[in-house]
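Order-wise, the sequence lines are chains A and B.
Each residue of the first sequence is one higher than the one before, starting from 1 at the first, in our numbering.
Each residue of the second sequence is one higher than the one before, starting from 284 at the first, in our numbering.
In short, the hints are calculated from the structure, not lab data.
A portion of the hints provided could be inaccurate.
Stated by the list, open to error - Derived DSSO-like pairs (lysine-lysine); straight-line CA-CA distance at most 30 Å: (1) Lys104(A) with Lys409(B); (2) Lys499(B) with Lys476(B); (3) Lys491(B) with Lys383(B); (4) Lys208(A) with Lys143(A); (5) Lys19(A) with Lys402(B); (6) Lys326(B) with Lys288(B); (7) Lys499(B) with Lys104(A); (8) Lys289(B) with Lys119(A); (9) Lys426(B) with Lys497(B); (10) Lys22(A) with Lys402(B); (11) Lys426(B) with Lys301(B); (12) Lys490(B) with Lys318(B); (13) Lys500(B) with Lys487(B); (14) Lys22(A) with Lys119(A); (15) Lys22(A) with Lys305(B); (16) Lys158(A) with Lys302(B); (17) Lys535(B) with Lys143(A); (18) Lys5(A) with Lys369(B); (19) Lys499(B) with Lys535(B); (20) Lys6(A) with Lys487(B); (21) Lys299(B) with Lys18(A); (22) Lys158(A) with Lys409(B); (23) Lys43(A) with Lys328(B); (24) Lys369(B) with Lys328(B); (25) Lys289(B) with Lys143(A); (26) Lys126(A) with Lys441(B).
What the hints assert, rightly or not - Among chain B residues calculated to face chain A with C-beta under 8 Å, some are: (27) Ile290; (28) Asp385; (29) Val390; (30) Val392; (31) Leu416; (32) Asn420; (33) Ile421; (34) Asn448.
Where is the CB? At the ideal position from N, CA and C, for every residue including glycine.
There are 2 protein chains.
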Amino acid sequence: MRICKKINEVREEIRKIKKENKMIGFVPTMGYLHKGHISLIRKAKIECDYTVVSIFVNPTQFGPNEDFERYPRDIERDIKILKNEKVDLLFNPDTQEMYKEDFKTWVYVDEYSDILEGKFRPGHFKGVCTVVLKLFNIIQPDKAYFGLKDAQQLIIVKKMVDDLNVPVEIVECETVREKDGLAVSSRNIYLSKEEREKSICLYKALKKMEDLIKNKKIYESKILIEEGKKIIEKEKNVELQYLEIVKISNLKRIEKVEKDVIILGAIKIGNVRLIDNIVISML
Amino acid sequence: MRICKKINEVREEIRKIKKENKMIGFVPTMGYLHKGHISLIRKAKIECDYTVVSIFVNPTQFGPNEDFERYPRDIERDIKILKNEKVDLLFNPDTQEMYKEDFKTWVYVDEYSDILEGKFRPGHFKGVCTVVLKLFNIIQPDKAYFGLKDAQQLIIVKKMVDDLNVPVEIVECETVREKDGLAVSSRNIYLSKEEREKSICLYKALKKMEDLIKNKKIYESKILIEEGKKIIEKEKNVELQYLEIVKISNLKRIEKVEKDVIILGAIKIGNVRLIDNIVISML
Numbered sequence: 001m002r003i004c005k006k007i008n009e010v011r012e013e014i015r016k017i018k019k020e021n022k023m024i025g026f027v028p029t030m031g032y033l034h035k036g037h038i039s040l041i042r043k044a045k046i047e048c049d050y051t052v053v054s055i056f057v058n059p060t061q062f063g064p065n066e067d068f069e070r071y072p073r074d075i076e077r078d079i080k081i082l083k084n085e086k087v088d089l090l091f092n093p094d095t096q097e098m099y100k101e102d103f104k105t106w107v108y109v110d111e112y113s114d115i116l117e118g119k120f121r122p123g124h125f126k127g128v129c130t131v132v133l134k135l136f137n138i139i140q141p142d143k144a145y146f147g148l149k150d151a152q153q154l155i156i157v158k159k160m161v162d163d164l165n166v167p168v169e170i171v172e173c174e175t176v177r178e179k180d181g182l183a184v185s186s187r188n189i190y191l192s193k194e195e196r197e198k199s200i201c202l203y204k205a206l207k208k209m210e211d212l213i214k215n216k217k218i219y220e221s222k223i224l225i226e227e228g229k230k231i232i233e234k235e236k237n238v239e240l241q242y243l244e245i246v247k248i249s250n251l252k253r254i255e256k257v258e259k260d261v262i263i264l265g266a267i268k269i270g271n272v273r274l275i276d277n278i279v280i281s282m283l
Numbered sequence: 284m285r286i287c288k289k290i291n292e293v294r295e296e297i298r299k300i301k302k303e304n305k306m307i308g309f310v311p312t313m314g315y316l317h318k319g320h321i322s323l324i325r326k327a328k329i330e331c332d333y334t335v336v337s338i339f340v341n342p343t344q345f346g347p348n349e350d351f352e353r354y355p356r357d358i359e360r361d362i363k364i365l366k367n368e369k370v371d372l373l374f375n376p377d378t379q380e381m382y383k384e385d386f387k388t389w390v391y392v393d394e395y396s397d398i399l400e401g402k403f404r405p406g407h408f409k410g411v412c413t414v415v416l417k418l419f420n421i422i423q424p425d426k427a428y429f430g431l432k433d434a435q436q437l438i439i440v441k442k443m444v445d446d447l448n449v450p451v452e453i454v455e456c457e458t459v460r461e462k463d464g465l466a467v468s469s470r471n472i473y474l475s476k477e478e479r480e481k482s483i484c485l486y487k488a489l490k491k492m493e494d495l496i497k498n499k500k501i502y503e504s505k506i507l508i509e510e511g512k513k514i515i516e517k518e519k520n521v522e523l524q525y526l527e528i529v530k531i532s533n534l535k536r537i538e539k540v541e542k543d544v545i546i547l548g549a550i551k552i553g554n555v556r557l558i559d560n561i562v563i564s565m566l
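Can you build the whole structure from these sequences, using the hints too?
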């Protein structure tokens, strides 16, 4: 596996690969790789001829009081995992390589970025869009792989790619879960044993809501959300940040479940924020 | 010359051209082509194997009280000119093709966009950056050609390309002028005979300032600007909007002329806004 820390090195490598007409698959990550990332990488490996993974903890998507400094990092372990998966290239730039001192250009998706996660993390999606577009311009992949666990991010990146005519196909991949249903996340490592037990309440709430829709034919968002909230509120020391039912195409709230919707939620346990979601496909 | 109105048609054509490893040159325009555009096209023709021109009067770079509706258009005449120049492809989309109803994504360069032209045309450069990036993503050129006449636009596009790692080389081209020095512009057609005569005062002011720097060794911005203003203020019914001396690298105002600076000005004659600039290279 080739490891590049500089943009110019990557460009040179990509130029060669492009000349060979190979299809390039790209998995952007912030490292501390887990089963979720590995599922993205394996999908890329199957669909493409050349697989690039980036590891970059992007400072511009963290708020001033967020966990940028303590975000888990273990590059040696990550490299072992990537080599094991036979990834072709790891792009692992440092902050100065990605953001020069006088960096001034930003990309954002209006409206989509100010709701749900965006309400609790102002500026987060502007940082995400900007870094994703930079990475796309550096790697120039044919396909890029994103997990549905960060559903709002996925929907916003797809919207950006569509609006800006970015020549990259966005491939969405299922959320990978632990045995009890907790969505895998690099941030799960923050959880104490007790917190880990409580953490499952968000997934339980989502599954309860899904059950009410699919089996009890309850379609009113207000009722569904109330039922979901009850499950989360039962847990002590768990703060519900949001639980909303929105259209998957534009993230707009709906009063009644129709067609394709997504239920998204975020909770805070101690200092740890966890998000999850469930897509409901109505036939 | 191939004429495409649809993004998908362009993509298909570009894919073929890329496979042949041809170098693609791109000249984005708003049409109503003049000597300035032609000089860009000829430079592209010399440097590249395949030349694409776009004609798109971009609504998002016009303010609500600006001249979007009455901006001069003559596509038949433009097509003749482009055929004559042996341009390979004209991309001439309509507004709906470029901006779908629910368009939400914007690109902007902070600080650079709020000064000079940006002060008088709020949102202008956000519209410019967004459409230029879209066009780059559609055409995927190796080189793109911009005139120095719109110097702030050129500097902002270069900054965007640099910050976002866009794989396009920006080529800057000298301002083309009428015999008396007026910078050629599609908007010059708005000028009455009397206004046309007055219009030269901006260029005269810029040349006076250049003369003071180069021959009189006067380097204080304040004095230079005062001298320039005098020339413009002599003309009746000409409103000076700004006249500033800034660093060419970051558009920041300087007190004393050192190294590479650019003097930029804008005037309004009746309803017509005209801009011009002059680059001063200090050895």
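Do the hints match the structure? See the list:
1. Lys104(A) with Lys409(B): Status holds; Cα separation ~13 Å.
2. Lys499(B) with Lys476(B): Violated - the C-alpha atoms of Lys476(B) and Lys499(B) are around 34 Å apart, more than 30 Å.
3. Lys491(B) with Lys383(B): With Cα atoms ~47 Å apart, Lys491(B) and Lys383(B) exceed 30 Å; violated.
4. Lys208(A) with Lys143(A): violated (34 Å)
5. Lys19(A) with Lys402(B): At roughly 45 Å apart (the allowed maximum being 30 Å), Lys402(B) and Lys19(A) break the hint.
6. Lys326(B) with Lys288(B): The hint holds at about 24 Å.
7. Lys499(B) with Lys104(A): violated (37 Å)
8. Lys289(B) with Lys119(A): Judged against 30 Å, a Cα distance of about 37 Å means the pair is violated.
9. Lys426(B) with Lys497(B): violated (33 Å)
10. Lys22(A) with Lys402(B): Outside the cut-off at roughly 47 Å; violated.
11. Lys426(B) with Lys301(B): holds (13 Å)
12. Lys490(B) with Lys318(B): Judged against 30 Å, a Cα distance of about 21 Å means the pair holds.
13. Lys500(B) with Lys487(B): Roughly 18 Å between the alpha carbons, so the hint for Lys500(B) and Lys487(B) holds.
14. Lys22(A) with Lys119(A): violated (41 Å)
15. Lys22(A) with Lys305(B): The hint holds at about 18 Å.
16. Lys158(A) with Lys302(B): Holds, at roughly 27 Å.
17. Lys535(B) with Lys143(A): Not satisfied, since the Cα-Cα distance of roughly 40 Å exceeds 30 Å.
18. Lys5(A) with Lys369(B): violated (43 Å)
19. Lys499(B) with Lys535(B): holds (24 Å)
20. Lys6(A) with Lys487(B): violated (47 Å)
21. Lys299(B) with Lys18(A): holds (14 Å)
22. Lys158(A) with Lys409(B): This hinted pair holds, its Cα atoms lying about 21 Å apart.
23. Lys43(A) with Lys328(B): violated (42 Å)
24. Lys369(B) with Lys328(B): holds (8 Å)
25. Lys289(B) with Lys143(A): Satisfied, since the Cα-Cα distance of roughly 23 Å is no more than 30 Å.
26. Lys126(A) with Lys441(B): It holds: about 21 Å lies between the C-alpha atoms, which stays within 30 Å.
27. Ile290: holds (6 Å)
28. Asp385: holds (7 Å)
29. Val390: With a minimum Cβ separation of about 5 Å from chain A (threshold 8 Å), the hint on Val390(B) holds.
30. Val392: holds (5 Å)
31. Leu416: holds (6 Å)
32. Asn420: At about 4 Å, which falls below the 8 Å cut-off, the nearest Cβ of chain A leaves the hint on Asn420(B) intact, so it holds.
33. Ile421: Ile421(B) check passes; min Cβ-Cβ to chain A is 5 Å, inside 8 Å.
34. Asn448: Status holds, d = 4 Å.
The structure fails to meet hints 2, 3, 4, 5, 7, 8, 9, 10, 14, 17, 18, 20, 23 from the earlier list, while all remaining hints are met.
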